[in-house]
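Student: What follows is each chain in one-letter form.
There are 2 protein chains.
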Amino acid sequence: MSSARLFHSIEGTFQMQHGSIVNPVIAYEKWGQLNSQKSNAVALFTGLSPSAHAASSAEDSSPGWWEGMIGPDRPIDTNKFFVVCINSLGSCFGSTGPASINPDTGEPYRLDFPVLTIEDIASAGHEVIKSLGIAKLYAVIGASMGGMTALAYSILFPAASESLVSISAARCTLPFGIALRSIQREMIRNDPLWQKGNYAGKGPISGMRLARKLGMVTYRSAAEWEKRFGRERVSEERKTDDAFCIDFEVESYMEAHANKFIGTFDANCYLYLSRSMDLFDAADHGGSLEAGLNRVGARRILIAGVRSDHLFPAHQQRELAVGLDRDDRQVSYVNLHSIYGHDSFLVDMDRFRPLISDFFMQEIKPSVVPMVRKLNV
Amino acid sequence: MSSARLFHSIEGTFQMQHGSIVNPVIAYEKWGQLNSQKSNAVALFTGLSPSAHAASSAEDSSPGWWEGMIGPDRPIDTNKFFVVCINSLGSCFGSTGPASINPDTGEPYRLDFPVLTIEDIASAGHEVIKSLGIAKLYAVIGASMGGMTALAYSILFPAASESLVSISAARCTLPFGIALRSIQREMIRNDPLWQKGNYAGKGPISGMRLARKLGMVTYRSAAEWEKRFGRERVSEERKTDDAFCIDFEVESYMEAHANKFIGTFDANCYLYLSRSMDLFDAADHGGSLEAGLNRVGARRILIAGVRSDHLFPAHQQRELAVGLDRDDRQVSYVNLHSIYGHDSFLVDMDRFRPLISDFFMQEIKPSVVPMVRKLNV
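In the order they appear, the protein sequences are chains A and B. Offset between the first sequence (1-based) and our numbering: plus 597. Offset between the second sequence (1-based) and our numbering: plus 597.
Treat each hint with caution, since some may be false.
One copy or two, either will do: identical chains are not told apart, so a pair holds if it fits within one copy or between any two.
Stated by the list, open to error - No more than 30 Å apart at the CA atoms, straight line, and that leaves these computed lysine-lysine pairs for DSS-like:
hint, residue 1, residue 2
1, K824, K793
2, K836, K635
3, K677, K627
4, K799, K727
5, K727, K627
6, K727, K793
7, K677, K857
8, K635, K857
9, K733, K793
10, K857, K733
11, K793, K857
12, K677, K824
13, K793, K677
14, K627, K824
15, K836, K793
16, K836, K677
17, K733, K824
18, K627, K836
19, K627, K793
20, K635, K799
Worth flagging that the hints you see were computed from the coordinates, not collected in a lab.
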C-alpha cells in the first residue's frame, strides 16, 4: 500500500522548551484542497499513540484513526476544508523523536532527546502549517493529548487560528492522571530490556504490554466493560498453562490489544510523550490559568468531552470552557453522555459527529445552524 | 514488642475448593471477653493486605489497621463484644499460605498452593470460630475483600452468624476491577526476580512496588488527590538523577507507600489473594444471585460503601442490599459521601464510625437506637 505521508523539514536549530535539536522532520498527511484565500485549513493534532493517518485517501486507502470524522461529506468535510494531521514531534511515525538518529552522533537520540513538552509539539506543528503558506487556520482541533496541543497552539500562536476545538482534554493533568502515567512509565523502565533507554530491537515489550493494558483501563470505562464482558470466562482451549493465566474475557481483550500495540510503538517515544502530558499546564503561560487562557487567540471555541472520562473528567472540560468564556469569544461547552470513557471520541464517534459537524458547518451556512451557547455550567 | 497473635491449627486435611492442604494454621487476634452464653462474638475478616492486628491490645500496644473502630467504648465496643480478627488463609502474616512450608516437601508451597477462593478464607476462619466454642456469632464483618469474605461466611454457614456487615465490597468483582488486578499480577509475574514463583529472599520487589502503586490508585480517589497534591512538585533536592525521575508530589507519595509495602508482603501470597477476589461471585452458590443471597443466614444486615469507590462502586453495594432484602431480614444500606474512595473505611473512619456504632448498639439498647431501614434505592 502506498503511503500518504508527507514530511516537512525544519531547517537548522529547532528550539524546544528544554533544549534544542537540529533539522527535525515532522510527518503529516493532508486531505482536501487549500482554497485561494488559504482560509479553509484545519490543523489536527493527535493523541499520544496515533500516527498522522487520521483518514483514508487516494494515496492510502487504509482507514485512519478518525475515519468517520474526516472526508467528503463527513463532519470535517474535505469538500470544503483542507485538513492537515500532524504526527507529534517526539512520536515514532515519521516525525523526529527519541527513536530518530541524532545527526550529531549518528546514533538514535534515545534519552538525549530534550524533555518534550506539549508546547514543543504545537510549535513543530506550526512550522508545518507555515510551510504550507497558511497564515491563519480555520481551526485547530485535537482530542486527548491533541486537545491539549490544540489549546497550546492557540495560546502560543494567537493569530494563527480562527477557532479551536478541544475534545476530551484539559488545561492540565490532575494528580490521578499523573499517577497512572507515572506507573505506566515505571512499567517500561523496570523492564530489564529497556536498558536505561539503550535497547536494541523490540526493546521492553513486556513493559510496553503492561503500559498499554493500563492505558486501556484509563481510556475506557467500567460501565462499558461491565456491559461488554461481565464476568465471562475464556474458553478452556484459549487458556494458557501458567499459573494466573488469562481466565476472564476482559483479560483476553487487554492481551489482544496490547499485542497489537507492542512492536509498533517505540518505548522511549512513549515515555517522552507520556511525560509531556503530565507537564502541560495552560496556567504556566502568564502565571495563572486566567492569564494563560486570555492568550488564546481563537474566537470560536468548542470544548467537549464525556461524563464517563476518568482521565480528563468532565469537570476539567467545564473548567476550561468557563475559563475561556469572554465577551469577544463564542465558547461552546458540551458534556456528552457516553459510556465509552476517555476513548469515546474514537469508539463512540456517532455521538461526536453532530457536534463536530455543527461546528464546521457554522461559517458555511450560518443561518441554517446557528451556534448555540451551551455554557450552562 | 510482644505479639497478640494467636494460632489455630486445623488438624488433618483441609479441603479447599480447588485442592487440599494438610494441618494449616490460621493466625488471629482477639479483644474483649466471650460472655457465658457465647453470644457476643464478632468475627472480623480483613482486606487483601492487613494482618489480624486490627487494634492494639495489652499484648501489643501498636495501633491496628482499624484502631479507631475496635476497643473499649469504640464502635465495636470490646467492653461488650468479644472480637476475633482472622488473618486470611493464603496470607503471610501467620496463616498458612503460598509462603508457608509444605509439610509434604519441606519447601514453601509457592505455586503448588491450591487456587485460593474467598470461600476457602471464610471456611478457614470458621474453623477458628468453632475452636473458640462459638456456635453462633453476634456478627461477621469485613471491608473490601473482608466484606466479600463475611458475605461468603454467611452463605456457607447460614446458622453461624446472627448478623452481617459488609463494607465497600460486592457480590463479585466487575471486569474493571478484574482488569486492574490482572495488571497488578502481571507486573509481579513479569519481574525477572519472581522466577515463576521460585524466588529467594525479597523476590520481585520492583513488581511489588508497581502493584502497590497501582493499588493506591484504585484504593483512593481522583478528588482526594486533586485536593491533597494538585500539581505540586517535589523539591529539587528530593529529585533523583535518572530520566523520568519523580517530579510531582503524587509520584513521591506513591513511591513512599510502595517502599513501606515491599518487603513486608510475600509476592506469591499477593497473587493468590488478588485472584481470589476476581473469582468470587455470590451467584455461584445455587446458580443465581438470588439463590446465593437466599442462603445468607444473617437476619440483621448492613451493607455500606462510599460513592467515590471505583473498585467496588456504590451500585454494587446497592445491588447486594437489594438482593438481600427479604421480609424476614432487616437490611440497611448506606451510601456515604466520602472523597477517599475505596479506602474510606480506613482513612475516613469518622464517617463510618456512627454507622458501625449504631449497628452494634442495636441489641444492647434497642429502644435507644432503633434500626432505620435505609433501603431507599
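Student: Please go over all the hints and tell whether each is borne out by the structure.
Tutor: Now the hints, each set against the structure:
no.: 1; hint: K824 to K793; result: neither (41 Å within a copy, 34 Å between copies)
no.: 2; hint: K836 to K635; result: neither (57 Å within a copy, 48 Å between copies)
no.: 3; hint: K677 to K627; result: within (13 Å within a copy, 76 Å between copies)
no.: 4; hint: K799 to K727; result: neither (36 Å within a copy, 57 Å between copies)
no.: 5; hint: K727 to K627; result: within (14 Å within a copy, 74 Å between copies)
no.: 6; hint: K727 to K793; result: neither (37 Å within a copy, 55 Å between copies)
no.: 7; hint: K677 to K857; result: neither (35 Å within a copy, 59 Å between copies)
no.: 8; hint: K635 to K857; result: neither (39 Å within a copy, 60 Å between copies)
no.: 9; hint: K733 to K793; result: neither (42 Å within a copy, 59 Å between copies)
no.: 10; hint: K857 to K733; result: neither (38 Å within a copy, 54 Å between copies)
no.: 11; hint: K793 to K857; result: both (24 Å within a copy, 25 Å between copies)
no.: 12; hint: K677 to K824; result: neither (39 Å within a copy, 46 Å between copies)
no.: 13; hint: K793 to K677; result: neither (48 Å within a copy, 59 Å between copies)
no.: 14; hint: K627 to K824; result: neither (38 Å within a copy, 43 Å between copies)
no.: 15; hint: K836 to K793; result: between (34 Å within a copy, 18 Å between copies)
no.: 16; hint: K836 to K677; result: neither (51 Å within a copy, 51 Å between copies)
no.: 17; hint: K733 to K824; result: neither (45 Å within a copy, 40 Å between copies)
no.: 18; hint: K627 to K836; result: neither (44 Å within a copy, 43 Å between copies)
no.: 19; hint: K627 to K793; result: neither (37 Å within a copy, 50 Å between copies)
no.: 20; hint: K635 to K799; result: neither (43 Å within a copy, 65 Å between copies)
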